[in-house]
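> Taken in order, these protein sequences are the chains called P, B, U and D.
Convert by adding 624 to the 1-based position in the first sequence; the result is the number in my numbering.
Convert by adding 624 to the 1-based position in the second sequence; the result is the number in my numbering.
Convert by adding 624 to the 1-based position in the third sequence; the result is the number in my numbering.
Convert by adding 624 to the 1-based position in the fourth sequence; the result is the number in my numbering.
Quick caveat, the hints were computed from the structure, so don't treat them as lab data.
None of these values were measured; they are calculated from a predicted model.
Some hints could be false.
Copies of the same chain look alike in the list, so a pair counts if it fits in one copy or across any two.
[As the list claims (entries may be wrong)] Calculated cross-link-like contacts (lysine-lysine; reagent style DSS-like; alpha-carbon spacing at most 30 angstroms):
1. 634 / 926
2. 651 / 717
3. 630 / 926
4. 717 / 939
Number of protein chains: 4
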Amino acid sequence: MIIIMKHNAKAEEIAGAISNVESLGFKAHVSSGEERTIIGVIGDERPVEPEHWESLQGVERAVRILHPFKLASLDFHPSGSVVKVDGVSVGAKQVIVMAGPCSVESREQLMETAAAVKEAGAHVLRGGAFKPRTSPYAFQGLEEEGLALLSEASRKTGLPVVTEVMEPDKVEVVAEHADVLQIGARNVQNFSLLKRVAECGKPVLLKRGMSTSIQEWLLSAEYVLAGGNPNVILCERGIRTFETATRYTLDLNAIPVVKQLSHLPVFVDPSHGTGHWEYVAAMARAGLAAGADGLIIEVHNKPEEALSDGPQSLKPDRFAALMRELRPLAEVLGRSL
Amino acid sequence: MIIIMKHNAKAEEIAGAISNVESLGFKAHVSSGEERTIIGVIGDERPVEPEHWESLQGVERAVRILHPFKLASLDFHPSGSVVKVDGVSVGAKQVIVMAGPCSVESREQLMETAAAVKEAGAHVLRGGAFKPRTSPYAFQGLEEEGLALLSEASRKTGLPVVTEVMEPDKVEVVAEHADVLQIGARNVQNFSLLKRVAECGKPVLLKRGMSTSIQEWLLSAEYVLAGGNPNVILCERGIRTFETATRYTLDLNAIPVVKQLSHLPVFVDPSHGTGHWEYVAAMARAGLAAGADGLIIEVHNKPEEALSDGPQSLKPDRFAALMRELRPLAEVLGRSL
Amino acid sequence: MIIIMKHNAKAEEIAGAISNVESLGFKAHVSSGEERTIIGVIGDERPVEPEHWESLQGVERAVRILHPFKLASLDFHPSGSVVKVDGVSVGAKQVIVMAGPCSVESREQLMETAAAVKEAGAHVLRGGAFKPRTSPYAFQGLEEEGLALLSEASRKTGLPVVTEVMEPDKVEVVAEHADVLQIGARNVQNFSLLKRVAECGKPVLLKRGMSTSIQEWLLSAEYVLAGGNPNVILCERGIRTFETATRYTLDLNAIPVVKQLSHLPVFVDPSHGTGHWEYVAAMARAGLAAGADGLIIEVHNKPEEALSDGPQSLKPDRFAALMRELRPLAEVLGRSL
Amino acid sequence: MIIIMKHNAKAEEIAGAISNVESLGFKAHVSSGEERTIIGVIGDERPVEPEHWESLQGVERAVRILHPFKLASLDFHPSGSVVKVDGVSVGAKQVIVMAGPCSVESREQLMETAAAVKEAGAHVLRGGAFKPRTSPYAFQGLEEEGLALLSEASRKTGLPVVTEVMEPDKVEVVAEHADVLQIGARNVQNFSLLKRVAECGKPVLLKRGMSTSIQEWLLSAEYVLAGGNPNVILCERGIRTFETATRYTLDLNAIPVVKQLSHLPVFVDPSHGTGHWEYVAAMARAGLAAGADGLIIEVHNKPEEALSDGPQSLKPDRFAALMRELRPLAEVLGRSL
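If we strip away everything but chain P, and leave its shape as in the complex, we get (with noise of 0.2 angstroms):
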């Protein structure tokens, strides 16, 4: 941590300044410029947030040096970690696929939309009975009864499952029905929720917020991590910016910027990042491209029924026509899929 003090910070303010750095545990180091006044701080800066430093007299800011995540951070694990899913490595040299509706909606709607994605050769099936929804009159998820639809599509099929889980008390019922826990959006600055996934052990699909910078989201990683569960899938599904054309802006630089920052296997959601099946194809194989380990894909097998998120849903003959067209991109890649 760098403090940097105010242009006409008195004398007994530097001095505050560098004993409140000592009285707690760490040297200070100061340097004294001709228009400002620096302090070092030396030691692990990491529990002590910059803010702590900028409530001091006479401080003008404070600039972290450390990243403030740890264990979700390539320096102290310098490669890849490779998340299990039942059978299916996530982070290894396979692009993983993961496809289905966005809800659960009926037993005939979800085995046909199931068998469709395990036939393209998806990997993991993905679909909601716990929903978030911005209106309290939109159909809020078939909630229990869609668990054991997942469940029962997973034995026809063989594929695990990715579902969602919203609030603590439910961590438990969706473990015993999914493979891979996600945390939306929504949710991903949700700590109570961050605390129990973390206990339960299961893998977690981590999405982006909307508005969640890098750091912030590997810092909701870290909770996760720091809670005993290392098998985090981060997962990037567009940020909110002044554009209108899509829905969210797909973040796809996110890719390479978690791959210099962080060892966990990162996701691309091109389904919500846009919001439009007509660009969920282009971006991608861009996410591919960008150096993702896999994919996230809404797939219905009667778009214009869906009860949620049908524009931005393929149909599956066109979700099969992606898979056929990634295939000979993940190997130019140097992947597989």
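Use these hints to put chains B, U and D onto chain P, whose structure you have.
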């Protein structure tokens, strides 16, 4: 709802969209222009989201005509709501000030600060017992012990208490100690939590999320209202933008916008909104001038020892000076303080 | 400047960075922590951008210590500047109001509106002769004819005139007719234009760009100041964010931030900032309360016939009512109007 | 255009809006719902902006049905345009790579870099002679001397040249030396400049502004097209968002969106878009996979000595390696390189 067909939509796609509209009990009003056919959906469009129509074949996009919220809307409740908090009327002529520390850290800290804000004229005591922290390594709050201290401070000062609740399971215990349940910015779309505080019935201070549009924020309020709890107070606390000179961008435009859309009282939080105590007084004044019904301000007896958010906390003497400044301002604005 | 080396920077990379620092005439102050080596650059760092250092081998990033602007900085000019516009003092105790139509459209429109804003107490007449329009098919302004009308309105009302200049070659002709040259939001980083208005010497109203950080805005002001023209008035007019309820997000936080960084007077434009006349009065009041030195407000005698920006223009009677409201507000804030 | 009247609009306000619609030569198509009256405007709505209708009494808002651009639209030019640059076809099957230094700094620097990018397979040489710099104290480019060096490099390598023009008066001199005129991000809405490059007729590389919506960007292209110059190449170069891990957020979603709206070729600039050379290769690959017609990449023979943008420049050997990587990728995507 207006459904806009694509430039090259086929006759059967247009017919399909019309029959879909009618099958859901709406009337379809078709208008064929030279370049586009548009279909007006006649009826209460709220339960069906634009996405439903956008997933139909040949549809370019669908545009809402009505606001998607109803109970929160000024259309259905044309005069401002007043929420009673203990003896305090929120949303009436008097501007209400909630003040206190970010986190409850110790008996001494809380009692000193509570006495000071009471003395300066605050109407409600704030203080966090459960703290949402970006880093798992940061202080997470005194939890139940903090709640007990808040109750004690309330008894001593006579001030009602507002404090944050972070998970559904804690609503009951927080409600035992608090007069207002705060939903923090990170939980504005934690729908499980919103449903639980709706059941609880106690007044709710609903902060806007850092990337929540005003429409989404009012839909989150709608969750509480539709759940049977009419006592919702909105609170603008800063949105996330590209500007880094302030911690967030306090969006005061939201005040007149909300006043035109909704009957709910709306507060401003200049402490979180700016992140620096130097800007709090200016933005508190501006918040009142924009038409806010109240302010929530962080005050700490010793900001430099705060375990969270020290740099944005006012010292008691600065808070008292601000209150003295705000009184004549409120009067010139036709309010009182 | 602080140079932060990478976790795994080699000894020769550190030596290379140090020798680069010294070769540019700075002193290097090295501090080796457990996890990172950091190098303090001692000397006036402003002429060298952080990017220079970040391109050296083994460097993770470089952090400025000093603000990159100098002439605009409060550090070098510790009291507020007053800019003289004809007889009007901008930046002094009196709050200054500039008002008039978005575009000059006809003699009748301009003379009627000018008389009305004069009558209501405005100090400066605004009106656009050259108009930056998003669409090539929209009205582009009366150009030279509009300038002549502005001169005429100025003579008739005795009000000085502010109008926009869009290209270097037009600075001379605009300066013949205008008392203040406005640089619009889209031209805040049109550096050729900034250099030319610097040479011209006339007062400049420098609008913030819709995605310009406060630091970049002050650097644009620095272009004018460094070119020999000290008469710069800043004007906040809304930034672009994800929120669509307002046309832009008027960022009033910029007012106290600028006041802490710079001596330049700063205005608020609630008309462009919100895009809706219904919000103008609230945000004008809030702008004053935040500490603005003045306001610039769109007024049109017949907004429904305006060729640009009708929805954000006040009618003359509403503008007069707003002026009556602002006077006691200014006084309570220690200003006059 | 759809005009949505307010909830409580009076009969005379509705009649007034209808008569306004008809007075401008449109037909009005009225539909009275239970909660709102809406008026469809039948005719070519493009010349009249939504703001016009929104300034009428009793109107809540107006919604475009048609895209506001015409010449840039795929509706009017259903197959992709090919722009000829010297012998190079931009927008055809072959992916085009423009490469070279950010700024022209010296003969040696430019000739070495130009030879290297030619050798690696680039098709067009880039290099800035006039440089838009945030700070007035930063290197502003070699100007005319830089143009002469670019011409020399072009003669030596046989590569056509793209370089930025920043003001209308310089269009002529830049066009003498350049094969493609670049309009930089900060000038995307410098309409005087757009009109001048339209007259010039030479191919234009039109960068997206850092806060320009895709619709606004296409309207800027429309300025050039409507001015008689059909040779427009679009270039996505990153937008401004809250994320600071990258310098901008390269918005690859813009590629499939533009491809659905327009016939113009579209490029990607991964160097400016990310600001860090470490991310350039990943985002170059992703740009191609998203469907870009070309890339523009910064290459510098000695990035650590660059006078601008060193950290985002590739060294010649890394650029050559990237080109080798991109070739099989282009093929798998059905393109060539």
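> Go through the copies and call it for residue 717 and residue 939: within, between, both or neither, with a Cα cutoff of 30 angstroms.
both (28 angstroms within a copy, 28 angstroms between copies)
> Within a copy, between copies, both or neither: where do residue 651 and residue 717 come within 30 angstroms Cα-Cα?
Classified as neither: same-chain Cα gap 44 angstroms, cross-chain 48 angstroms, threshold 30 angstroms.
> Measure nothing new, just compare the shortest in-copy and cross-copy C-alpha distances for residue 634 and residue 926 to 30 angstroms and report within, between, both or neither.
Between copies only: 19 angstroms across, 70 angstroms inside.
> Give the relationship of residue 630 and residue 926 under a CA distance limit of 30 angstroms: within one copy only, between copies only, both, or neither.
Intra 62 angstroms, inter 20 angstroms, cutoff 30 angstroms: inter-copy only.
Checked against the numbered hints above, the structure violates only hint 2.
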